[in-house]
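Construct the entire structure; sequences and hints are all you get.
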Amino acid sequence: MSTLAETQRRVREAVVTGDAAPLADVLVGGRDPLNRLRIHQRHYETSLVTAVVGKFPATAWLVGTPFLTAAARQFVFDCPPKAPCIAEYGEEFPAFLASRPKAGGLPYLRSFAELEWSIGVVSIAIEHSPYRSDGLAHLDQTILPDVVVDLQPGLRYLRVEWPVDDLMKLYLTNSAPSEFVFAPDVAWLQIRGARGSFDLKRLELGDFVFREAILDGQSIGEAAERALDATTNFDPGRGLANLLAEGLVTASRVRPQEYGS
Amino acid sequence: MVATRPPVGWLEIHPENFLANPHATELLADLSRDYPISVHTVGVSVGSASGVDRRHLMRVRALIDAIDPALVSGHLAWSTHAGEYLNDLLPLPFNDETLRIVSAHIQEVQEALGRAYLLENPSTYVAFGTSTMGEADFLNEIVRRTGCQLLCDVSNVYLSARNMGYDAYEYIDGLSGDSIGELHLGGFNAEPDESTPGAEILVDTHATAVADPAWELYAYTIGRFGVKPTLIEWDNDIPALSTLLAEAARAEMTAQAASAKEPSHVDAR
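So the sequences go chain by chain: A and B. Residue 88 in this note's numbering sits at position 88 of the first sequence, with consecutive numbering throughout. Residue 387 in this note's numbering sits at position 126 of the second sequence, with consecutive numbering throughout.
For the record, the hints were derived by calculation from the structure and aren't laboratory data. Treat the hints with care, since some could be wrong.
With beta-carbon atoms standing in for the labels, derived distance ranges [what the hints assert, rightly or not]: (1) Asp439(B) - Glu246(A): 28 to 36 Å; (2) Gly54(A) - Thr469(B): 20 to 28 Å; (3) Asp329(B) - Ala176(A): 44 to 52 Å; (4) Arg31(A) - Tyr296(B): 15 to 23 Å; (5) Glu6(A) - Met319(B): 25 to 33 Å.
Don't be surprised by glycine CBs; every beta carbon is placed ideally from N, CA and C.
Okay, structure coming up:
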């Protein structure tokens with residue numbers, strides 16, 4: 001008698017890859033239980049392909065639904081979900097999609113799909129009450145570089161080699177200009193959202209590096225150093241003030257190991 | 262739901278639809294102030310030989326702590342294997358090994374969630390030749406070993422009995438009625454059973470109204486075990502809310518009528 005683990009390994013193979021033959025000696029139900037197992041195979045494929053395709057309507061607009069669906073079908077077989085929250089499934093799909101042989105003619109496809117994924121993620125976030133613009137004024141300015149600030153949960157930063165935000169705006173406004181010039185051009189994007197809405201904004205390089213480092217958990221001083229390494233045009237004081245003025249900061253703390261040392 | 266607050270007794274949610282969606286969780290917390298909430302897990306996978314996903318369990322616990330649900334339930338099934346989530350409720354063989362594994366996992370779940378878990382009978386299309394006991398006996402033994410309760414999906418009983426060739430009413434008779442804490446009713450669709458020419462197989466779609474034979478089995482179940490909290494499951498091809506409310510009202514009327522008379526095995530069919 002096969003153990004439960006071995007049985008489940010075989011069922012997993014049948015459901016994901018379609019290879020049900022090793023189960024022929026253990027399944028019962030109707031005259032051909034392997035045929036009935038197709039109900040589970042079908043559910044696995046259909047439910048996940050529907051979930052993935054549903055997260056990338058703008059990408060479907062760009063590449064066509066048949067191409068996107070075929071890629072999603074292959075994706076669910078090659079990359080099954082790792083966790084039960086299907087809302088989290090598909091983050092790797094933009095890279096997978098861009099690796100498809102027929103995607104070679106669209107060098108911006110991965111960035112566009114990653115932008116769409118980010119929009120989806122921030123749009124279901126919530127926003128917390130932000131610090132006032134003078135919210136850090138009470139702090140001793142000598143410890144300000146060691147302060148770590150929390151940002152709104154619905155924030156993502158994305159560096160793109162093509163101006164895919166312009167392309168996204170065409171999709172969102174359902175507009176079709178008579179002429180659209182699309183050429184490589186690096187852009188640093190902030191995607192902010194909450195409760196069903198979102199906002200796309202281009203940043204200067206210094207602000208992008210500074211905010212991305214803050215979001216990554218770096219202190220204000222460390223983030224400023226990174227930004228200054230990226231561009232000497234960055235003004236740390238203004239960068240921090242803008243962060244506060246835009247309502248992006250929700251909490252602050254001084255790193256215990258740094259404070260007082 | 263948030264805007265209209267219709268007059269329903271309680272609501273049931275899949276936590277997996279909320280754990281990665283803070284905005285939906287915020288709305289759910291709001292609703293939980295007006296409605297009792299039942300949390301019905303689909304990803305806990307108590308039947309997985311590879312174990313229960315502790316991280317997922319902790320996320321469910323956090324949601325439970327936030328909304329304080331009246332009931333928490335899941336399925337006699339498995340959906341994870343070696344770190345993969347297969348997004349389905351897959352069948353189990355009913356034998357001593359599975360009994361030991363599922364019982365241990367339910368105890369782990371109940372300890373992690375800090376409350377009793379209700380276990381739902383599956384919808385079945387295939388079974389295993391390695392089973393050594395019937396599904397109802399298996400569920401009763403799980404209850405005895407773990408102290409969990411049962412969520413009896415009446416539509417699943419009807420569907421599985423039809424698909425696997427046993428008597429749905431005998432199945433209901435075989436359940437430990439004291440342990441039933443909730444009932445489900447859901448729609449299913451018939452499609453050709455390719456394995457048997459001319460025959461149909463019933464597929465648990467939750468995409469249509471509850472079928473008459475399931476209503477009849479529901480009335481019988483109420484007659485046997487008394488009125489229990491009953492949920493109408495309709496989560497695909499979702500209709501207008503009024504349609505869903507009409508199904509819920511039918512369940513309430515059926516339960517009231519059935520509880521007022523003795524169960525009749527023959528008449529109910």
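Structure-based check of each hint:
no.: 1; hint: Asp439(B) - Glu246(A): 28 to 36 Å; result: violated, 59 Å
no.: 2; hint: Gly54(A) - Thr469(B): 20 to 28 Å; result: holds, 21 Å
no.: 3; hint: Asp329(B) - Ala176(A): 44 to 52 Å; result: holds, 51 Å
no.: 4; hint: Arg31(A) - Tyr296(B): 15 to 23 Å; result: violated, 46 Å
no.: 5; hint: Glu6(A) - Met319(B): 25 to 33 Å; result: holds, 29 Å
The structure fails to meet hints 1, 4 from the earlier list, while all remaining hints are met.
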